[in-house]
Structures are given as structure tokens and as C-alpha cells.
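Novice: Okay, here's what each chain looks like letter by letter:
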Amino acid sequence: MSNANVTKTWLEFNLLPIELCSVSFQKSGVCLIDGVSVRLNSRGITVILGPNGAGKSILLRLLHGLEIPNEGTVLFKGVVADETIKRKQAMVFQNAVLLRRSVMENLSFVANLHKPQKPSNLLELLAEVGLAEKQHMPARRLSGGEKQRLCLARALVSQPELLLLDEPTASLDPYSVQMIETLLIKLQHQNTKIIFITHDLNQARRLAEDIIFVHKGRLEVFQPADSFFEKPDSEFAKAFIEGRLIF
Amino acid sequence: MQLFSDSFITAFYLIISGDPDLFEIIFLSVQVSLTSLLGSVIIGLPLGAFLAIHRFKMRSIVLSVLNALMGMPPVVVGLIVYLYLSRSGPLGFLSLLYTPTAMIIAQMLLVIPIIAALSAQIIEDLHSEYNDLFRSLNVSTTRAVFAYIYDARISLLTVILAGFGRAISEVGAVSIVGGNIDHLTRVMTTAIALETSKGNLSLALALGIILLAIALGVNLFAARAKYWVMDKQDV
Numbered sequence: 496m497s498n499a500n501v502t503k504t505w506l507e508f509n510l511l512p513i514e515l516c517s518v519s520f521q522k523s524g525v526c527l528i529d530g531v532s533v534r535l536n537s538r539g540i541t542v543i544l545g546p547n548g549a550g551k552s553i554l555l556r557l558l559h560g561l562e563i564p565n566e567g568t569v570l571f572k573g574v575v576a577d578e579t580i581k582r583k584q585a586m587v588f589q590n591a592v593l594l595r596r597s598v599m600e601n602l603s604f605v606a607n608l609h610k611p612q613k614p615s616n617l618l619e620l621l622a623e624v625g626l627a628e629k630q631h632m633p634a635r636r637l638s639g640g641e642k643q644r645l646c647l648a649r650a651l652v653s654q655p656e657l658l659l660l661d662e663p664t665a666s667l668d669p670y671s672v673q674m675i676e677t678l679l680i681k682l683q684h685q686n687t688k689i690i691f692i693t694h695d696l697n698q699a700r701r702l703a704e705d706i707i708f709v710h711k712g713r714l715e716v717f718q719p720a721d722s723f724f725e726k727p728d729s730e731f732a733k734a735f736i737e738g739r740l741i742f
Numbered sequence: 272m273q274l275f276s277d278s279f280i281t282a283f284y285l286i287i288s289g290d291p292d293l294f295e296i297i298f299l300s301v302q303v304s305l306t307s308l309l310g311s312v313i314i315g316l317p318l319g320a321f322l323a324i325h326r327f328k329m330r331s332i333v334l335s336v337l338n339a340l341m342g343m344p345p346v347v348v349g350l351i352v353y354l355y356l357s358r359s360g361p362l363g364f365l366s367l368l369y370t371p372t373a374m375i376i377a378q379m380l381l382v383i384p385i386i387a388a389l390s391a392q393i394i395e396d397l398h399s400e401y402n403d404l405f406r407s408l409n410v411s412t413t414r415a416v417f418a419y420i421y422d423a424r425i426s427l428l429t430v431i432l433a434g435f436g437r438a439i440s441e442v443g444a445v446s447i448v449g450g451n452i453d454h455l456t457r458v459m460t461t462a463i464a465l466e467t468s469k470g471n472l473s474l475a476l477a478l479g480i481i482l483l484a485i486a487l488g489v490n491l492f493a494a495r496a497k498y499w500v501m502d503k504q505d506v
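Chains as they are written, first to last, in the numbering used here: chain G, 496 to 742; chain A, 272 to 506.
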């Protein structure tokens, strides 16, 4: 991926602050997100932590507009997301969803959707995630780690300003994890706001600038990563870090 | 056994001798079936895609009706088309009864439910898999439908072949609306029925063998295409 295509100036980055204002979400009568309010203003990586079923994925889907809150609003720089704002976002799902096409065709499908932002060289993007040599291979024949890296590459085709990742490194080998983390750090330096979910506390320590800790659909803690791991503002968060929190 | 061996010899002789009557019947059969198949695909595939993607009040009823229509007896379809196209029917002024067009219409009514119902199921499965991704990428519905059809092309090819099989092997409806008129609406199935009733079993079997060979050839071609695409794309 060439720098000319990816690097954005600070002025171009116009989605911050990202705000969840008293957001609640219910499905089938069950409250999954309960009055969450948070304001993300930093350009660093934000990590969402919480036990299974806490509502992390729903929170990410609400941010991306895949779910509509029953109450409250999600704002990007003070406004509700419209088509333009949505086009500046990309999401990588927990389960790699790949088109039944070749590796390269998975990327070119997205590139054709974003003609004005089409990267000059999709192959460079594949090289970035270590898949250049497999460009003609059917995407579904890739290994789990390769599939997830391809999903990440595909998400980057549109050069998003906001990248949302739902456990992108879950059950991947250390090589794939390191490759994805390196890429995320590089993207962050290129001014892409990254919000991602992980269960790996060490990974959160390595990457996060701030932490959102969710428990039973409520926002328990939003604080800088350093202080979160040193002295979390919530007993639940402390129990979670120490491996004592039971859902 | 004598009958079967005679039939094979007759079929072989008819083909290599280039019997014009035989080739006229084969040509008309294939022409009517392929035309009805094309029309059914043009109507049935978008209908199936629409039913797969959109949620509306009567959707399950429409799908149930389509599923039921897949098993509709051809003679009933033939009768309905006959009633519409007969001189006293609402479309009698078109003078289509006992023409290949009437046979195409009857076959389309039989094939459309197959194409629509089966493609709806295939595309719905793909839609549930791709939906979040496409919403995330802001993919338009039209583009999504093309993507579903492209990515499910092998499964849909099987559906289209099932439709072709239904069309080319159909006898009840085409004999009612076509009338089995020599040199005009006589197709292989109706010719087989006629020759059997005349006691000319050898010729009937010969036609049956040719009909089977066409069906087998089309399926072998499709199977070849399927494995070729699967090898390339793993679909």
C-alpha cells in the first residue's frame, strides 16, 4: 500500500469526536446495551474489553450503523452518520466473510465500489498482509489467519478513517497476530482511528491508548489503557483483569 | 431384447442418415425448451432474488405457493393455457393455440416456479452470509443481487438444468396446447407418445434414446463446467 494512497492529513480526518449518547439497544425484549454514553476524541487505538455476552460486538455494530439504537444517538463530529460518513468507515467481522472468488477479486469488488478512492495497486495491499503470492487462489481455501488478514486488507481498500475490528486475531497463530498488530499500528500512525474488540489482555496492553470496558450491556469504565491496567475505575474491571469476573 | 437392439440400430440409423423429419423434431424440441428456459430464467431468477432478499407480509405464502407450483401436473398447466388461448378464451384473439409459442408459454409456466423457488433458497443462504458485509460496504441492492447470482452461479446452473430437464421431458402440456401437429408442433415427447400408440415401439424407443442422449449431454457439460469453476473459485 503506497503512502500516497493511504496517508491522510490531520485536516482530512473529520470523524472525531465519536460519541455514543445514552445509547440503548434491545432485541426480542432483551436489553443488550443499556444507556451507554462515551466520547472518543483521541486518534489512538481504542480497545473494547468485557466478558462474553457483555455487548461488545453490539456496541461495535451500533457504531458502524449495522444496528439502530432504540434510544440515544451515535454521533460523528456532532452529526448522525450519513452515507458520506458511513463510506469513511470499515469493519472486520469476527467470522471472516469472504466472497466466493479469488483473493484478488475480493479486493477488486470493494475497489469497484469506491472508484474515486481506488488504490493504484491492490497487489501492494495484499503484500502488506502477506498474501500477494496467493492473489489468484480461491479465498475460501486460505487458512483462518490468512482469511482474517484478507478481510483486513479488504477493509483497507476504501482507505477508511474509522476501522472497526471484532476480535480480528481470535484463534490466530502468533505470526498472523503480529502481522495484524503491526499493520494496525502503521494505520494508526497514518491517522486511521481504530476501535477493536479483543479478549487478549496482553494485546490490549500492547496496542490500546484507551479502554472501554463493558459489562452486562453497561459501560463500566472508559479510561486510558495505562491507568486501566494499573488501577481500573471499576471493581468489575478489576475482577475481569484478574480473571475473576464471571458473566 | 430384440426390441431394444432394434431400437438402438434404428436410432443410430436415423441419426447417421440425417433423417430430416427426425432432425426437425429434435430441432423444434430443443428450440422450444431453450426458449422457454430462457424466458423462465429471465423471470424466475430476479423473482427468486427478490423473494430471497426482501421481507414482506405475504412472503411465506408466496414461497409456499411457488413450492407447490413446482409439483403442478403438466396437464393442468396445459388445460389452463388451452382455456386462455382457445378461440373463446381471453387471449384467443392472439391465435396462439397449436403453435410453438403456446408450447413455450406452457413450459414457462412449469419451469418458472422451479427456477424461482430453488434460486430463492440458494440466494437467501448467500444473503444471510453476505448481508452484514454488504451493509458495511454500502453495497446497493442491485449490485448485491448481481454478486449473489455471480457467486452462486454453479448452484444456479444446477437449478437451470433442472428447469431444462422439466421443459424438454414435458409431454402433457405441450400435447394439449401444441396439438402434436406434424412439421409444426411435433416435439420428441409427443412424437414418442404418438409412435407408441401406433405400435411403432422401435421408433418410439429410438426417439427416447436420442432424448436421453440430449439430457445426458447437457448434464455432462454442466458437470464439467461445475468442476472447472469449483477448481478455479472453490464455490
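Don't read these hints as lab results, they were simulated from the structure.
Treat the hints loosely; a few may be bogus.
Simulated pairs of lysine-lysine, PhoX-like, Cα-Cα distance not exceeding 25 Å [unchecked claim]:
hint	chain 1	residue 1	chain 2	residue 2
1	G	Lys629	G	Lys572
2	G	Lys681	G	Lys572
3	G	Lys583	G	Lys681
4	A	Lys328	G	Lys629
5	G	Lys711	G	Lys733
6	A	Lys497	G	Lys522
Where chain A lies over chain G, by a calculated footprint (3+ residues, C-beta under 8 Å) [stated by the list, open to error]:
hint	stretch
7	577 to 583
8	594 to 607
Predicted model, so just to flag it, every value in this text is computed and none were measured.
Glycine residues also receive a C-beta, built at the ideal position from the N, C-alpha and C atoms.
Novice: Would you mind marking each hint as holding or not holding in the structure?
Specialist: Checked hints:
For the proposed pair G:Lys629 and G:Lys572, the alpha carbon gap of about 39 Å is over 25 Å, so the pair is violated. Under the criterion of a C-alpha separation no larger than 25 Å, the hint pairing G:Lys681 with G:Lys572 is consistent with the structure, at around 24 Å. Under the criterion of a C-alpha separation no larger than 25 Å, the hint pairing G:Lys583 with G:Lys681 is consistent with the structure, at around 18 Å. Simply put, A:Lys328 and G:Lys629 have alpha-carbon atoms about 45 Å apart, too far for the 25 Å limit, and the pair is violated.
Of the supplied pair hints, the one linking G:Lys711 and G:Lys733 holds, its CA atoms being roughly 15 Å apart against a limit of 25 Å. Between the alpha carbons of A:Lys497 and G:Lys522 the distance comes to roughly 41 Å, so the proposed pair goes past 25 Å and is violated. Three residues within the 8 Å Cβ limit are the bar, and the stretch 577 to 583 of chain G against chain A gives 3, so the coverage statement holds. With a threshold of 8 Å between beta carbons, the proposed coverage of the stretch 594 to 607 of chain G by chain A holds, since 6 of its residues qualify and at least three are required.
Hint compliance for this structure: hints 1, 4 and 6 are not met, and every other hint is.
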